[in-house]
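Trainee: With the hints as extra help, turn the sequences into a complete structure.
Using our numbering, you'd call the opening residue of the sequence shown number 1 and step up by one each time.
Derived from the structure by calculation, the hints contain no laboratory data. Be a bit skeptical, because a hint or two may be false.
Pair ranges (Cβ atoms, derived) [claimed, not checked]:
1. 140 with 22: 39 to 47 Å
2. 103 with 20: 19 to 27 Å
3. 41 with 97: 31 to 39 Å
Here a beta-carbon is modelled for each residue, glycine too, at the ideal position from N, C-alpha and C.
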Amino acid sequence: MPHFIDPSPSGSCIFCKLVAGQIPSARVYEDEQTLAFMDLGQVNPGHVLVALKRHAATLLDCTPDEAAALMRTAHTVAHAVKQVFQPPGLTLLQANGKEGDQTVFHVHMHVVPRHAHDGIALTWPRKEPAFEVLRGYAAQLGQHLSK
Numbered sequence: 001m002p003h004f005i006d007p008s009p010s011g012s013c014i015f016c017k018l019v020a021g022q023i024p025s026a027r028v029y030e031d032e033q034t035l036a037f038m039d040l041g042q043v044n045p046g047h048v049l050v051a052l053k054r055h056a057a058t059l060l061d062c063t064p065d066e067a068a069a070l071m072r073t074a075h076t077v078a079h080a081v082k083q084v085f086q087p088p089g090l091t092l093l094q095a096n097g098k099e100g101d102q103t104v105f106h107v108h109m110h111v112v113p114r115h116a117h118d119g120i121a122l123t124w125p126r127k128e129p130a131f132e133v134l135r136g137y138a139a140q141l142g143q144h145l146s147k
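Mentor: As structure tokens, this is what we get:
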């Protein structure tokens, strides 16, 4: 994960300034709800950020329509990145909260072209709980979702 954390004081979000045109950006795509632009910290050539135009700190602060718009734009941009840069793989990444490795607290997705041995490591330890534990988790979530 990047080691950049947006130092902007409250109320002056760097992505809000970018959306408003107050700071320069290399814009890729824009629609009514989203803006896609080149990440300043290119992991690989073609690394694009897709942000919601309205300020929402995390995905959980978005409306369902806004979340869908974010994914639609990421999907559109991913196709363009694949055609233009021809990477053998793509990673789409969306982080929420400090503990989720979010560094700019304005909801966004990374569209990252991937290549063998590119130095990107998205790994975590597998815990592999017993299947009954997984069923318990599923029951809890299912009960919550059926409310």
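Trainee: State for each hint whether it applies.
Mentor: Verification of the hints:
A C-beta distance of roughly 44 Å is found between residue 140 and residue 22, which places it inside the suggested range of 39 to 47 Å. Restraint check, residue 103 to residue 20: a C-beta distance of roughly 20 Å satisfies the suggested window 19 to 27 Å. In this structure, residue 41 and residue 97 break the distance hint of 31 to 39 Å, their C-beta atoms being roughly 20 Å apart.
The structure fails to meet hint 3 from the earlier list, while all remaining hints are met.
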